[in-house]
Structure formats: structure tokens, C-alpha cells
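Here's the letter readout for the chains.
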Amino acid sequence: QKEVEQNSGPLSVPEGAIASLNCTYSDRVSQSFFWYRQYSGKSPELIMSIYSNGDKEDGRFTAQLNKASQYVSLLIRDSQPSDSATYLCAVGNFNKFYFGSGTKLNVKP
Amino acid sequence: EAQVTQNPRYLITVTGKKLTVTCSQNMNHEYMSWYRQDPGLGLRQIYYSMNVEVTDKGDVPEGYKVSRKEKRNFPLILESPSPNQTSLYFCASSPPGLSSSYNEQFFGPGTRLTVL
Numbered sequence: 001q002k003e004v005e006q007n008s009g010p011l012s013v014p015e016g017a018i019a020s021l022n023c024t025y026s027d028r029v030s031q032s033f034f035w036y037r038q039y040s041g042k043s044p045e046l047i048m049s050i051y052s053n054g055d056k057e058d059g060r061f062t063a064q065l066n067k068a069s070q071y072v073s074l075l076i077r078d079s080q081p082s083d084s085a086t087y088l089c090a091v092g093n094f095n096k097f098y099f100g101s102g103t104k105l106n107v108k109p
Numbered sequence: 001e002a003q004v005t006q007n008p009r010y011l012i013t014v015t016g017k018k019l020t021v022t023c024s025q026n027m028n029h030e031y032m033s034w035y036r037q038d039p040g041l042g043l044r045q046i047y048y049s050m051n052v053e054v055t056d057k058g059d060v061p062e063g064y065k066v067s068r069k070e071k072r073n074f075p076l077i078l079e080s081p082s083p084n085q086t087s088l089y090f091c092a093s094s095p096p097g098l099s100s101s102y103n104e105q106f107f108g109p110g111t112r113l114t115v116l
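Chains as they are written, first to last, in my numbering: chain A, 1 to 109; chain B, 1 to 116.
Think of the hints as simulated: they come from the structure by calculation, not from any bench.
Incorrect hints may have been included.
Just a few of them, taken from the derived set where beta-carbon distance is under 8 Å, the chain B residues facing chain A [claimed, not checked]: (1) P8; (2) Y10; (3) G40; (4) L41; (5) G42; (6) Q45; (7) Y48; (8) M50; (9) Y64; (10) P75; (11) F90; (12) P95; (13) E104; (14) P109.
Since the structure is predicted, the reported quantities are computational estimates derived from the model, not experimental observations.
Don't be surprised by glycine CBs; every beta carbon is placed ideally from N, CA and C.
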């Protein structure tokens, strides 16, 4: 079983819509949770980090963490074509990091 | 400019020919790590280093070596590369903090390695 699971997509949403990305993880003692964005041919860059249950908002992005259900989600409001990328969910666990295989998001103008 | 650099960016080599991919950061970060990225498998951690002379295995260390003799540098060594090590490799670093697990990682531009 993979440590971190994501739907590979592609997830297609129209411009201006809300994009919802989901991730589940297997290790209950995981400490930290991250969403990275990766454009094609580029390196990952951090979008959001979250460490405790609940929601965390930063601009158009909201991360949600539910440790009891072992899932993390990322909501992107008012999606823009420039948001089209692969979104990687990452989980930190005692100095090690586990990444999902990523969800490809397409935002159509 | 604060950055993580990797060299070379592209490398084609043959089975068994030793190679080193260099990684350097200018942000005085303590934590550094190597990942490989393969289609459908995502990023997988190879090795990480908490500080100078402190290294540990990640999820997929077989066939790789690392060293951390200076804080800024963390080279990845493939003593005898094989075709299954063909991949996109990323180096990353994190600032010091309460725990490395809580810190954002800054990634280098990647090294695309092909082993024939």
C-alpha cells in the first residue's frame, strides 16, 4: 500500500470554478502535510502546509486536514488557467517525506 | 538569489559508469534531501541529511550513496548505475526549525538521468 494516495486525474474545471483535490495517507502518526504545485518540466513549489485538524486559508487556496480519516484536501477558488499544473500531496513523518503521484489539474478558459 | 542548484541538468550515461550529481544551496539550510520522480510513482525520497556528517536512508536508497561534508553541498553518487535508475532527480533543502518534518522544502531544478 502506498503511503500517500492521490487521484491522478486529469481534473478539468472551468475558469472561475472551485477545484477540489484530495489525498489520503496511511501512517496515522504523520506529523505534517503539504501541497506542492509542479508545472510541466519544472520543480515542485510549496502552495500550502497544514499541521492540525481543520481548515487553513491562504488567498484562493484552502487546505483541509482530517487526521481521524487520514485525508488532506486542497480547494482552489476562482480557478485560473495559470493554476493548470500537477498538484502533489506530501506527508512528513519524522524527518522523512512521502509524496503522492500527483493530480493533474486543467483549468479551461 | 536564494536557490538550490544541481549539476548536470541532463546526463546520458552507460551501465556501470560511476557518476555524481552535485547539489548546492546558498540558504544555510541544515536539512537536505534527494528524490527521484518517475511517472505514476511520484517523488520518492532516496537519502536525506539533517546536518553535516549526518545522513540517513529514505524510501529508496538502494544503488545510491550520499555524503555531507559541507553544509551547502549534498552530492548524490551512483557507483554502478543501471537502467532502472533512469529518472528525474531533485535535490531539496529546508531551513532549520523545531523539526525538519514541519518545514517547507525548496527544490532544485532537477537532473534528468538516462542510463543505457
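**Study point:** Agreement of hint F90 of chain B with chain A interface, Cβ distance less than 8 Å
**Key:** Check passed: Cβ of F90 of chain B comes within 6 Å of chain A, closer than 8 Å.
Check your understanding: Should the interface hint for E104 of chain B be scored as holding, given a Cβ-Cβ cut-off of 8 Å against chain A?
Key -> Nearest chain A Cβ about 5 Å off; hint holds.
Check your understanding: Given Y64 of chain B was flagged as interface, is its beta-carbon under 8 Å from a beta-carbon of chain A?
Key -> Violated, because the Cβ-Cβ distance from Y64 of chain B to chain A comes to roughly 15 Å (cut-off 8 Å).
**Study point:** Restraint satisfaction for P95 of chain B [CB to CB of chain A, less than 8 Å]
**Key:** violated (12 Å)
Check your understanding: Does P8 of chain B meet its interface restraint, that is, does its C-beta lie within less than 8 Å of any C-beta in chain A?
Key -> violated (15 Å)
Exercise for review: Against chain A, run the beta carbon of Q45 of chain B and see if the smallest gap drops under 8 Å.
Suggested key: Holds. Min distance 6 Å.
Review point. Holds or violated: L41 of chain B as interface residue toward chain A, Cβ cutoff 8 Å?
Key: holds (6 Å)
Review point. At a threshold of 8 Å, is the proposed contact between G42 of chain B and chain A supported by beta-carbon distances?
Key: The hint holds - G42 of chain B has a Cβ within 8 Å of chain A, the shortest such distance being about 4 Å.
Check your understanding: Holds or violated: Y48 of chain B as interface residue toward chain A, Cβ cutoff 8 Å?
Key -> holds (6 Å)
Point to revise | Status of the hint placing P75 of chain B at chain A (closest C-beta pair under 8 Å) | key: Given a least distance of 18 Å, the restraint on P75 of chain B is violated.
Point to revise | Interface hint outcome for M50 of chain B [beta carbon to chain A under 8 Å] | key: holds (7 Å)
Check your understanding: Close enough to count: is the Cβ of P109 of chain B nearer than 8 Å to one in chain A?
Key -> holds (6 Å)
Checked against the numbered hints given earlier, the structure breaks hints 1, 2, 9, 10 and 12 and satisfies all the rest.
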